[in-house]
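Sequence lines, in order, name chains A and B. Each residue of the first sequence is one higher than the one before, starting from 1 at the first, in the numbering used here. Each residue of the second sequence is one higher than the one before, starting from 1 at the first, in the numbering used here.
FYI, nobody ran anything at the bench for these hints, they're computed from the structure. Any given hint might turn out to be false.
To spell it out: a stretch of chain A is covered by chain B in this simulated footprint if at least three of its residues, at any positions, have a beta carbon under 8 Å from a beta carbon of chain B; those stretches are [unchecked claim]:
no., segment
1, 150 to 156
2, 178 to 192
3, 211 to 220
4, 321 to 329
Residues of chain A placed beyond 10 Å of chain B at every Cβ, according to the derived structure [to be verified]:
no., residue
5, GLU12
6, THR72
7, ARG131
8, SER196
9, LEU197
10, GLY264
11, GLY283
The C-beta atom is built at its ideal place from N, Cα and C for all residues, glycine as well.
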Amino acid sequence: MSQANPQPETGEARRARVADGLARFLDSQWNTDVRIEGMVETSAGARRGNVLFDAVTADGRRQPLCVTYLPTLNIELMNILTEAELIGVAERAGVPVPHVHFASEDPSWVGGPFFISDRVEGETVPRRVLRQVAADGTGKAIVLALGQAFAALHQVPVEEAPAALAESGETNPAEAALARLAEQMDMLLQPAPVFSLGMRWLSRELPPPPPRLTIVHDDIRNGNIIVDDSGLAAVLDWEVAKIGDPMEDLAWPCLRCWRFGEDGKEVGGFAGREGLIRGYREGGGEFDAQRFHWWKVLGTMRWGLGLAGQARGHLDGTFSNIVMAASGRRVAEQEYDLLCLLRPRGR
Amino acid sequence: MQDRPDARELLATLGDYLEGELLPALEGPLNYRTRVALNLCRILERETRLGSSYLLRERERLCRLLGLGLEDLLPGSLHDQVEDLNQQLANELAVGTLPAGFEASAWDTLMATTRDKLAIVRPGYDSYEAREEAP
């Protein structure tokens, strides 16, 4: 019995299929003929597709939109309806997000779950973002706006979070995160005493449960935000959000790996942490420097162990390619960053 | 003995080819992956030049920290000995109590070795020291 291997879909075929699905879907929602024009894929080949497009109705009105879709059902990190609901919650709390118009799990439209949102103009590619920010002088404003956005999100009562998020809550997120790190440590291919030193420090300094558990986005950083000439325009990619320790959220964009060479500017290469703290406090958040630092150490370890994991995936054949191989030689960067964060007094 | 060009010279040549001839002809994902390949060539070039002297230094530092002499090490290649010493240090750091000052000395040892690793994989990365970030 022989079966022909299906040919991989070409980019052109994919765009045509998505355009057709979007037109049919919007026809059904708006009860009018819709044409899809000006499609631009902003993350072709990534796990999720993001396509900017204009929806043009029969009367000639043009609406700039964006669709975020998964190629199939089974690679969702978060249910798409949950994500759309969460973005709505964040929007009502005052976090800048693209307004979501529709969300659907039905694969008959574009092949997998999707949501359609407003198209927010601006830049997302980190190094280009930093060039634009340098030209516009908006670094400090962005950091202040990030602090305000975090505060707004963390003010939302946990009961108002989508039910699926609330279920994932752990009583001490730090303890749970440390346990996951220990699992990653066990999978290392070689002894890594720098990480052993990090584990030792993290265990000793383990913070108690935070005063309040909150919604945390868990991946707000340079690369997951839209920046325009006046500053922060939108926060994207809500699919790893959870209920957790708010200081984990603030620490993540402050890792050196998100500064893209602007090392002295702690928050995403934009500016120092002062504005982040000020914006956070003005918005009603409580900044805890010690807890923030603990999560920065944990995040640096997590990133380093993640890179080691990519190299392992390359070597054992799970996911072999040159980029994954090269990740193994980037672990030392995270080891160095970790050691800097753990610098003993007087060194 | 192999004839010239030697390994280091060949890696330099390979890197120059990727950078000067191949990369300008490539776009998109292939351009990106070839940049990664070029970077790996440069890493190997530096490792060929510096790798064994850095491994010797790493062994010396670890021996000093762990209070071991060369005669205490298992017979084996330099690479295997260093790996074993790193395992011993990792084990030490995983247990509960350590002598006073050991953690700070371990930090010194690990910092020196990590700077050596970076000199091969990412020269210049350690010029930023994040002194304002530690509490």
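Here is what the structure says about each hint:
1. Coverage of a stretch by a chain is defined here by at least three residues with a beta carbon nearer than 8 Å to that chain's beta carbons; for the segment 150 to 156 of chain A and chain B the count is 0, and the condition is violated.
2. Interface restraint, the segment 178 to 192 of chain A with chain B: holds (3 residues with C-beta to C-beta distance below 8 Å; minimum three).
3. Requiring three or more residues with a Cβ within less than 8 Å of a Cβ of chain B, the coverage given for the segment 211 to 220 of chain A is violated, as only 0 such residues are present.
4. Taking a C-beta to C-beta cut-off of 8 Å, the segment 321 to 329 of chain A contributes 6 residues in contact with chain B, enough for the three needed, and the coverage statement holds.
5. Non-interface status of GLU12(A) relative to chain B is upheld: no Cβ of that chain comes within 10 Å, the nearest being about 15 Å off.
6. Every CB of chain B lies more than 10 Å from the CB of THR72(A), the least distance being 21 Å, so the non-interface label holds.
7. The beta carbon of ARG131(A) sits about 19 Å from the closest Cβ of chain B, which is more than 10 Å, so the claim that it is off the interface holds.
8. Distance check for SER196(A) against chain B: the nearest CB is about 4 Å away, which does not clear 10 Å, and the non-interface claim fails.
9. Annotated as non-interface, LEU197(A) brings its C-beta within 10 Å of a C-beta of chain B; the closest such distance is 5 Å.
10. Remark: the non-interface label on GLY264(A) conflicts with the geometry, its nearest Cβ contact in chain B lying 7 Å away (cut-off 10 Å).
11. Even its closest Cβ contact with chain B, about 23 Å, leaves GLY283(A) beyond 10 Å, as expected for a residue assigned away from the interface.
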